[in-house]
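Participant: Spelled out from the first residue to the last, the chains are:
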Amino acid sequence: MTATTRPGFKARSDAALANSTLKTAIDRTAERKRAAALARFAEYEAARSRGSAIKDHVIANLDHYLEMFERNATASGAKVHWAATEAEACDIVIRLCREAGAKRVTRSKSMLGEEIGLPDALGSAGIERVETDLAEHIIQLAGEHPSHIIWPAMHRTREQVAELFNADHKPPPADDEAASMVQSARHVLREKFLSAGVGISGANFLIADTGATCTVTNEGNAELTTTPPRLHIVTAGIEKLVPSTSHAMALLRLLVRAATGSELTQYTTFHCGPKRPGDADGPQEMHIVLVDNGRSEMIANEFRDMLRCIRCGACMNHCVVYRQIGGHAYGGTYPGPMGAVLTPVFDGLAPSRDLPFACTMNGRCAEVCPVEIPLPMLLRSWRGRSWRAGLESEPMRTGLVAWAGLARRPSLYRMASGIGVRALRLLGRSGWIGSLPFAAGWTRHRDLPSPTGGTFMERYKAERGKRPEDRR
Amino acid sequence: MRTRDSILSAIRAGLGGSRNDPAAIAAEAAELLAAPETIRPPLVAATRVDAFCEKVEALGVTLDRIGSIGEVPASVRRYLEDQRLSAEIAVESAALFRDLDWGEIRPRLAVAPDALAAVGLARHGIAESGSLVIHSCKETRILLALLPLHHIVVLRAANIVSHLEDYAALLVGHETSPRNAVLITGPSGTTDIEGSYVRGAHGPGFVHVILVVDA
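If you read the sequences in order, they're chains V and Z. Counted the way the numbering used here counts, the first sequence spans residues 2 to 473. Counted the way the numbering used here counts, the second sequence spans residues 147 to 361.
The set of hints was computed from the structure by calculation and includes no laboratory data. One or more of the hints may lead you astray.
[Claimed, not checked] What follows is a list of derived Cβ distance ranges for each label pair:
1) ALA172(Z) <-> GLU298(V): 39 to 47 Å
2) GLY144(V) <-> ASP360(Z): 50 to 58 Å
3) ARG252(Z) <-> PRO278(V): 51 to 59 Å
4) THR361(V) <-> LEU242(Z): 32 to 40 Å
5) SER451(V) <-> ALA176(Z): 57 to 65 Å
6) VAL190(Z) <-> TYR461(V): 27 to 35 Å
7) LEU195(V) <-> ALA233(Z): 51 to 59 Å
8) ASN167(V) <-> LEU242(Z): 44 to 52 Å
Only a predicted model underlies this, so the values are computations on that prediction, with no experimental measurement involved. All C-beta atoms in this analysis are idealised placements derived from N, C-alpha and C, irrespective of residue type, glycine included.
Kindly generate the complete structure, drawing on both the sequences and the hints.
Facilitator: Here's what the structure looks like:
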């Protein structure tokens, strides 16, 4: 999905920083809830290593597990399709919808669906698409893309949601309290669930030994999307495989705590084939579209670790950059640190090279990742590739070459940094620096703290030899 | 077929060849499930039933313990009266319910799209998480668990398993898997509007468990 890389990352983040409503909508609740959930889970570190090992094992044997999944899904009565690219995946889904004569499809939130551009593809094919996740319903009304992979509408305030619902819902919500608006969406979407010809979902896991796909939601929209229509179509990335339901359970414990701070989502559902003879309800047909879209290439390079990602969103919840600019500024399907690693895979590095640079390398994302993905290392890999491809601007290249020259001459470097620190202190006599030559991009939106001591080396020399308790 | 094969060969090329040793892969996968107690939280109470009840109530689910299946209609009636709900409600067509004396409750099969309450049957409970497990089959509809505002669920205490893996062990191979296995863990909810928690987003806003503790 490349549609949103238009005005350039810098312009988008400038606009985001100037938008005060956005800052109200993004809060730190998710971070607090996750911390509380992990405090109650003493086995977390062991569970996390095991979870990473499960994903590594699957990727190392991905061909084996894909074939096993295909075999079992087919035996359960589902039809498995393969798509190498996003266009192929969309074509398969559209063809299935047309063959079913479906005029209306319901969709349960899936980031892979966003990645392959399915919402737009359905629109172009003239098929009515009904997003059923509450947040996706909000952004569909607003004509937007998700700004977060767990809370797609987190950039929208309650008042903005009320405006959208008042214009669309008949009858409109009773008032603009969250409870009334949820009630209104429940009412409006109910009839659509029951009248759709096709229900489309993603999958959080593909279970190799049963052929089932697993969805997790808190609202119950996945079950309402996939049960009444004649067809259930699943679109899923090939990295979603796990050997068995038990392995999925081990990962679910990590996924849900990292994503929302709950121990388990309200609805965790394993979908195994179409309606069985005698079943009281369920779809007549189930189709599973396995999507590669660049994943098989990642196996061969340094981005293989990224295939462990279970899409929990913890990295963005803890990212200082994401918190300032929100999800839309990233311009890709996936925002935040994981998005900055993935977007260049999908869109190419040239149009997205700013993303791996929009990172302070503070390491928080890797610390909170439930499957131990070394996100800063991967971002640094992209920076290296960008340098080697000559994508940096001329002033940046000159600056870096100058810095590298200085860094190789320690005495010169110490002298230069000594001058720098004193100059900064002079500029920031009040303790804060309000504007700085060549750094307007930083100081336009915030002040820089004035340096409090000398250079690192001065401090190192002064402290060396002191006992720890005497150090400042 | 061509796409399938080209994806699989790209994967094999990336991996530097296929291992082609299913037994070794299966052994490794089994090893990854070893010592489950080291990667999961212990139960919050000494017995499965007590732990399940504690978890369920922490999730905002209400609970009535009864001594036998025969007491289900009376328990349902108590809930309907407490909640001031009509006695005309949808009841699952399960054999277990058919022979019960429903008294003034008028059970119906159909679940209206805006049904207020319905009585369903859970196949299992999971003590670790307070989950109710619904299997699609002849006797249980998935929609009955999703459409009503109040979902009243009958569960036999003997069907409560300890941890998520203990339930997962029952689903090995597609032959033992129902079309749909839904783990319901608390009422439907959302935090999509400014993070405020609201119940009853699409599924039931209220879940009430009737736990049958018979011998």
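Participant: The structure should be examined with respect to each hint, and the outcome stated for every one.
Facilitator: Here is what the structure says about each hint:
no., hint, in the structure
1, ALA172(Z) <-> GLU298(V): 39 to 47 Å, "28 Å, violated"
2, GLY144(V) <-> ASP360(Z): 50 to 58 Å, "56 Å, holds"
3, ARG252(Z) <-> PRO278(V): 51 to 59 Å, "31 Å, violated"
4, THR361(V) <-> LEU242(Z): 32 to 40 Å, "59 Å, violated"
5, SER451(V) <-> ALA176(Z): 57 to 65 Å, "59 Å, holds"
6, VAL190(Z) <-> TYR461(V): 27 to 35 Å, "50 Å, violated"
7, LEU195(V) <-> ALA233(Z): 51 to 59 Å, "25 Å, violated"
8, ASN167(V) <-> LEU242(Z): 44 to 52 Å, "46 Å, holds"
Consistency with the previously given hints fails for numbers 1, 3, 4, 6, 7, ordered from lowest to highest.
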